[in-house]
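There are 6 protein chains.
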Amino acid sequence: MFSHIKDLQFEAKPDGPDALFARRLQEVLGGKWGELTVANQYLFQGWSCRLPGKYKDLLLDVGTEEMGHVEMICTMIARLLEGAPQNLHEAAADDNPMLAAIYSGENPAQFIHAGGGPLPVDSNGVPWNGSFITASGNLMADFQLNVTAEAQGRLQVARLFHMTDDPGVKQMLRFLLARDTMHQNMWMAALQQLKDDGLEDMPIPDAFPDAEQENEFAYQLLNFSAGEDSAEGRWASGPAPDGKGTFSYDPAPAAHAPAPVLPPGDPRLYGTPPPTPGGIIGAVKDALS
Amino acid sequence: MFSHIKDLQFEAKPDGPDALFARRLQEVLGGKWGELTVANQYLFQGWSCRLPGKYKDLLLDVGTEEMGHVEMICTMIARLLEGAPQNLHEAAADDNPMLAAIYSGENPAQFIHAGGGPLPVDSNGVPWNGSFITASGNLMADFQLNVTAEAQGRLQVARLFHMTDDPGVKQMLRFLLARDTMHQNMWMAALQQLKDDGLEDMPIPDAFPDAEQENEFAYQLLNFSAGEDSAEGRWASGPAPDGKGTFSYDPAPAAHAPAPVLPPGDPRLYGTPPPTPGGIIGAVKDALS
Amino acid sequence: MFSHIKDLQFEAKPDGPDALFARRLQEVLGGKWGELTVANQYLFQGWSCRLPGKYKDLLLDVGTEEMGHVEMICTMIARLLEGAPQNLHEAAADDNPMLAAIYSGENPAQFIHAGGGPLPVDSNGVPWNGSFITASGNLMADFQLNVTAEAQGRLQVARLFHMTDDPGVKQMLRFLLARDTMHQNMWMAALQQLKDDGLEDMPIPDAFPDAEQENEFAYQLLNFSAGEDSAEGRWASGPAPDGKGTFSYDPAPAAHAPAPVLPPGDPRLYGTPPPTPGGIIGAVKDALS
Amino acid sequence: MFSHIKDLQFEAKPDGPDALFARRLQEVLGGKWGELTVANQYLFQGWSCRLPGKYKDLLLDVGTEEMGHVEMICTMIARLLEGAPQNLHEAAADDNPMLAAIYSGENPAQFIHAGGGPLPVDSNGVPWNGSFITASGNLMADFQLNVTAEAQGRLQVARLFHMTDDPGVKQMLRFLLARDTMHQNMWMAALQQLKDDGLEDMPIPDAFPDAEQENEFAYQLLNFSAGEDSAEGRWASGPAPDGKGTFSYDPAPAAHAPAPVLPPGDPRLYGTPPPTPGGIIGAVKDALS
Amino acid sequence: MFSHIKDLQFEAKPDGPDALFARRLQEVLGGKWGELTVANQYLFQGWSCRLPGKYKDLLLDVGTEEMGHVEMICTMIARLLEGAPQNLHEAAADDNPMLAAIYSGENPAQFIHAGGGPLPVDSNGVPWNGSFITASGNLMADFQLNVTAEAQGRLQVARLFHMTDDPGVKQMLRFLLARDTMHQNMWMAALQQLKDDGLEDMPIPDAFPDAEQENEFAYQLLNFSAGEDSAEGRWASGPAPDGKGTFSYDPAPAAHAPAPVLPPGDPRLYGTPPPTPGGIIGAVKDALS
Amino acid sequence: MFSHIKDLQFEAKPDGPDALFARRLQEVLGGKWGELTVANQYLFQGWSCRLPGKYKDLLLDVGTEEMGHVEMICTMIARLLEGAPQNLHEAAADDNPMLAAIYSGENPAQFIHAGGGPLPVDSNGVPWNGSFITASGNLMADFQLNVTAEAQGRLQVARLFHMTDDPGVKQMLRFLLARDTMHQNMWMAALQQLKDDGLEDMPIPDAFPDAEQENEFAYQLLNFSAGEDSAEGRWASGPAPDGKGTFSYDPAPAAHAPAPVLPPGDPRLYGTPPPTPGGIIGAVKDALS
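Quick note, the sequences are listed as chains S, W, F, R, Y and L, same order. All residue numbers for the first sequence refer to our numbering, where the first residue is 1 and numbers rise by one. All residue numbers for the second sequence refer to our numbering, where the first residue is 1 and numbers rise by one. All residue numbers for the third sequence refer to our numbering, where the first residue is 1 and numbers rise by one. All residue numbers for the fourth sequence refer to our numbering, where the first residue is 1 and numbers rise by one. All residue numbers for the fifth sequence refer to our numbering, where the first residue is 1 and numbers rise by one. All residue numbers for the sixth sequence refer to our numbering, where the first residue is 1 and numbers rise by one.
Note that these hints are calculated values from the structure, not bench results. Please read all numbers here as calculations on a predicted model, not as lab measurements. Check each hint, because a few of them may be wrong.
As the list makes no split between identical chains, a pair holds if one copy fits it or if it spans any two.
As a list, the in silico DSBU-like pairs of lysine-lysine whose alpha-carbon atoms are at most 35 Å apart [claimed, not checked]: (1) Lys6 x Lys195; (2) Lys170 x Lys195; (3) Lys195 x Lys244; (4) Lys244 x Lys6; (5) Lys170 x Lys244.
Could you build all of it, start to finish, from the sequences and the hints given here?
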């Protein structure tokens, strides 16, 4: 259960309107690596976490914080949209090509649909969707994703930092950069903690029995693109990071099995060519008996 | 440019048909963490890589290999769909409830749309889409994502391994598990290589000037969910993994700035309440002059 | 079954081309609250209506009319796109920054994909989709949605009215505004009619037995955001609109049950931590016996 | 800014597992009218609300409460998935056709992707997306939508109530039904409050000048579907609900203007037929001069 | 403008309910090749058609007819859903595994969302969307698509024909098969008519000047997959169908230009490696001067 | 299995940057008719092809070639984005309105998300998705689609050709135009080859028994849009292209059956009106007995 207070986590106001930047800022609100993603991802991971204690608490702490970041960016976007020109006539009134550029570079739905406010969409107006998040039940797999999410997020905020001159906007971005620094470090520490606690290890999932995988392919780099530059990296020789194998390098693709030939399909599917009539239904039953 | 040979990278045939499992197998073909994702992700990362040599070659090697995994799973799905019952009458013919269960648990579009073949969709029939991949131009951010992709992928294959008894299917999954082991290790090694080569470091992007972020928030865990379990992890005290700061813990949320009050919007947007008439257009012009 | 006549329901031509406005006009064609939504929503509601007579007829009347609005807007968009500059060179020919702004603010797909015509997309080029409509089988729930659809639609048309100076376009918008006025009123009247006819009432669905809901929570405002401003509205005290209860106000969140602890998951799902091995399959069987 | 406590708003546990119902319950979590929709919708409306005081507080109160409903349903789904059979062999172990039916009616991604947990998707596995919510800046238009959201939501919960026999699940649904009762009433009261406060009225947006719409079409029912049953409703005669007009009925479609003929398109778009060569670019410039 | 009569174009009733088949039938209603696609596609093509006369009339005739097919299938689905079991208890009441299979193979949203009615979705519950249709402005390109749409549609209806034993359903399918036969023939005839009328020819768009394409690659089959089976077809030698060239066959891929090397990116995008600092902004200005 | 060489199939470099055109070029990379579509479509058709020999080889040849086209366009987009202005200040530095127009007409995600590189999206930033491709198992239905794909693709490239003045970009487009010419011809030849080989014929699927369709409707044009212009085409009289029927024309819509009346729905679905209580569940059981 949640409660809300009306203060922002970090207060910053723009010096002036900028509808073009407001469209761009949507990327870190409703884009794949935006705040809606991390907020929902950490909360779902927390709710699905079957291990009470520090991991579950951490996920709910940070997911709840990120909901506050959603709020901060929504508020900033609403402020950046204030006073934007509403038509070409206004945009042209000043003989200022920049004003026209801002008008034509807007997200029109921020005005027509949202009345001058934020939308749960990315910088092109494509809606955020639930496939952006993953809560797999395996904390190490998910913490890896969380490191990435904070890295991609910080990268995007850093890029946006160079796309505006507004001091107030820059101030908010500085705060977000700092939190992304914390969160990158935090998920890295959590990965180490999982190992220290003996809960999971590489290769994920570590509990899958080694004997069940085709181990001859498990530490071998295969060369599928012309040139052998890739043989020069750490990944082509020496010990593998999981401490369980040694990298090798195969300059040619693996030896091939004979080419697969598919049998004719069911006649009632009208594939080409029409298969020989006659029952293949029985095969299903045999397979199950 | 690519060329194709008709052999599969690893040949495995199912012992018998299983349309229900064929639907499930779609998850690792066209789901968020399926083969279409890793193939396209590594290729786009390779094409966008502005650094010739071992990293670009590696990305194209592995992206090209993954296209061959797409092919393997497509072929396996086509084979698993052979001889499936086409209607309830057939499914009921044997008084075998399992046959009925298979029929009702199918993806109908594999028959109606694809004529008994694979589709670029997940285990629920939702189409694969381009937002599943990221090629950010920052190799460390992307290699972190690649570790995750292989970890989530191996986790899903391991789960599928327990969902079938078919020896041929299991054989293919064993091969995929092994390649995912390699690829997890490989991207971990590549992360270390980037650091060794002095190209990137944490927090990503390392080149962003430290002085520009709000450093007081950069190593501090904030407590937003009741209880202080999260204070017990490595992420709440001690040195941070980036070697640049020391974790601290703030049991209460950060001090709050005054609550934001939004001004009235543009009257032509018909928000509530109707704002005072009069020009706010000028503010745009002032801001730009 | 439908028939078509080639006249538009209301004829209006633009005075001149305006590709930038043509992109914006897409919002009320293929956006969430556009004409494709209302046309399909009312027709699906009509086809699913199990009550012959005035309600079914009304739904089919208005759904069919809205198909004609789709046609009007499609035609207007095609006309607004005529003669648009096809490249930057043309857009720059006149040293008119407005022409450049129009060019850069276009929806490129209206030219590349549609050859200078409309698309079933919104003002950002995102395709219309079937989840925009609802036909629930409960007429009162759906008529409420229809009131909203006409209110949001009229709001968007009113906003667009200020985004153009073209007399012909404004003429078409005036007609659409009038029809939205009618349709808002009409669905409000239909809501009242449903009550008068004794078919449905609040809370929807009225037929659900009162005794089956947790009535102590059915008329109580809970305070989850700091501050008690919300206690000042009609919704916090006095009789509720359904005539069946009296509003109350609880300044604190409801009393809490003990925190939930999830048991370990199935070992074959590789969650964290690895659960105690041993059968939980039996529980399914027990629950069903 | 938000804070979280780990108690659920209302605690209820299922008596046993039911993976088939867990899939269905996703509809009110991540479907169009599910809890993710109302939570995000009310919060975005609150953040975009430019009117401090009771309306803004109410939106944030209820949006925050709904986040707690998301949490309740996520937790319930995780519990319902415990102990589900992981393959056909297990599902068949008991000769219980119901067990097989449950297995084949599952959402496979709840296991393969989410490891036995909830997903932000609907009952068919289609992801929740941002277009499900609207925050238009016009409170009356949005409160109408909120009434609908609670009506459609309560309708869906009522239907789900008949799809399970589990006492714990039913208990949670009883609570949700009660809150939906409250919220339907609350938004109805808020609509009235807006009128009482003189902030908005029908037809929405009331501030749009009456003289600018084509008033002859503003209160007239047009007959587009054969039969005149629709003339029998309140919407065809008598005073309109907005108090500003009187309904009339036109049995025939409105008189038609001449059929529109589109001119040939730009030759570089390769439409059919090839248009007369020659400049239409000038028209753009003329229109803007 | 449209008008509607309440008769179906072809009346057929199912003998009994079948919720499992009702889910499958959604494919030809709201799937990629379903009736919503052809109805909207032909209408948009008609509205965008800049050539008055027989082509425009044909498109509007057939698009309008297809709206009636949408209606027929919606009605059939509503009927097939009547009396479906609403929970596992009912489904198990008869010890009939088929009843359980039907229950678990349903689309749950047809009940929870649509109250026992059709939805604008495919057989997996994925919503229809606007990208399914194309109206390019080039009639020959679009009529080719229309042939395909009718071919894929007839193929799907033929497959569905074998998935039911219900005489009433089969009767409706027989009618749809016949109309698809007509429409395949009709669009083939229309392709020929366009050539006869001298409006368009292959390769589409014929009006693009031959001299502007790289003609040495215009009639050559390139061999990119091992084996030379593809050299045995009509497409590898002899006259090409457009009458303008002769097919040739190149067993090896085309000669290659040197490998592309991308220059370093903008430093503010934080790609790897960090590029040499210094201005590349000037290049944009130079290119435009 | 695939292998990759680093040369492009056809090398072309832009003379200078053009971020606005780079956004437009995305249409033929990740749009509905772009290279990702044809590459994946032909490969899936090839993998699903159950007929070894020239057809399967052709599909894999061309699908593999198209992967190389994806690579070419990705590389071109990365080059066109080099040196683009990163903010309004830079865009305004030169008093060049064209520079501002380019800035505001960019796809912002190409910078924020992709760091100055391509994305798997269309010209509006909407992600490519798997529903863009079809591999139906029926080669004639699919080859028809392939002709269309190449026709729509060539049309789009021809339109783009007029949207740029850059000689290097035009050079690449000339190559793509030539390959689209080949591929249109090739799939037309393949359609003829299928007939010559006796594998399939019109109407597709030819193997569906003629006696099972309602033949009286199979060659008749129905007039649903006012005016009889459509009677003047080849499709209204004379022999049909399939050689099996003769076109006829029915000026009036087909005779109508009585209007359908739906029975009341299940009471637990809360439709309007509430149906008579009492069992309709039994009907399901009867239908299955």
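To see whether the hints hold, each was checked on the structure:
no., hint, result
1, Lys6 x Lys195, "between (39 Å within a copy, 26 Å between copies)"
2, Lys170 x Lys195, "between (38 Å within a copy, 29 Å between copies)"
3, Lys195 x Lys244, "both (15 Å within a copy, 22 Å between copies)"
4, Lys244 x Lys6, "between (52 Å within a copy, 33 Å between copies)"
5, Lys170 x Lys244, "between (46 Å within a copy, 23 Å between copies)"
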